[in-house]
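Novice: So you can see what is in the structure, the chains are spelled out below.
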Amino acid sequence: EAGVTQFPSHSVIEKGQTVTLRCDPISGHDNLYWYRRVMGKEIKFLLHFVKESKQDESGMPNNRFLAERTGGTYSTLKVQPAELEDSGVYFCASSPDQYYGYTFGSGTRLTVV
Amino acid sequence: AQSVSQHNHHVILSEAASLELGCNYSYGGTVNLFWYVQYPGQHLQLLLKYFSGDPLVKGIKGFEAEFIKSKFSFNLRKPSVQWSDTAEYFCAVRDSGSARQLTFGSGTQLTVLP
Chain A
36 EAGVTQFPSH SVIEKGQTVT LRCDPISGHD NLYWYRRVMG KEIKFLLHFV
86 KESKQDESGM PNNRFLAERT GGTYSTLKVQ PAELEDSGVY FCASSPDQYY
136 GYTFGSGTRL TVV
Chain B
659 AQSVSQHNHH VILSEAASLE LGCNYSYGGT VNLFWYVQYP GQHLQLLLKY
709 FSGDPLVKGI KGFEAEFIKS KFSFNLRKPS VQWSDTAEYF CAVRDSGSAR
759 QLTFGSGTQL TVLP
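As given, the protein sequences belong to chains A and B, one line each in that order. Mapping of the first sequence onto the working numbering: residues 36 to 148, in sequence order. Mapping of the second sequence onto the working numbering: residues 659 to 772, in sequence order.
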């Protein structure tokens, strides 16, 4: 089966600009998660979708971050406006249910300059 | 709230040496436990997971981990490492029986010298 796909793999933007990251989960996986790793620290949870609904968005850092999953398929994570501290690697993962593990994408490395 | 501690930030070993990476978690309930690995330039891959049953779990590439409930630990082991094991290793925990998110440790960078 195809894995979790993220793009772009790299993005360099200036402070104040907008960036949209995309994640295509494994087909049929209802659960989709966004995580972020900043400056070599631990990987931190951002939010969790079940189909098109936000199950838990307690990890979203502030209202500059907006995640959507229209139709319950792919998801986007928009950062607007980007700040320097938003730099890091953004991971997406998907899972079919609670009896399974998670499959991660290769991540998007975001650099805000 | 859950937390995960990986005590070793960077481990350097020679090939054929034995490996043990520590992982401790804090959580009052029943948990599922995971070890992930990220090879240079690649995505996070699942090494092994513990949901229930035998606390000694065997994973891919010769790795194993032992869940010791009384110590809140899930240490990763490999009897003989190879140069190709050079990677970053992450321990993670989640509430048992849920599809909720993972809580990760800070990761351990393993460097194996040829």
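Please note that the accuracy of each hint is not assured.
Claimed, not checked - When the alpha-carbon atoms are kept at most 25 Å apart in a straight line, the in silico BS3-like pairs for lysine-lysine are as follows:
no.	chain 1	residue 1	chain 2	residue 2
1	A	Lys79	B	Lys707
2	A	Lys89	B	Lys727
3	B	Lys727	B	Lys707
4	B	Lys719	B	Lys707
5	B	Lys729	B	Lys707
Note that these hints are calculated values from the structure, not bench results.
Novice: All hints are to be evaluated individually against the structure, with a verdict given for each.
Specialist: Results of checking the hints against the structure:
1. A:Lys79 to B:Lys707: Roughly 19 Å separates the two Cα atoms, so the pair holds.
2. A:Lys89 to B:Lys727: violated (32 Å)
3. B:Lys727 to B:Lys707: Judged against 25 Å, a Cα distance of about 15 Å means the pair holds.
4. B:Lys719 to B:Lys707: holds (14 Å)
5. B:Lys729 to B:Lys707: Holds, because 18 Å separates the two Cα atoms, which is no more than 25 Å.
The structure fails to meet hint 2 from the earlier list, while all remaining hints are met.
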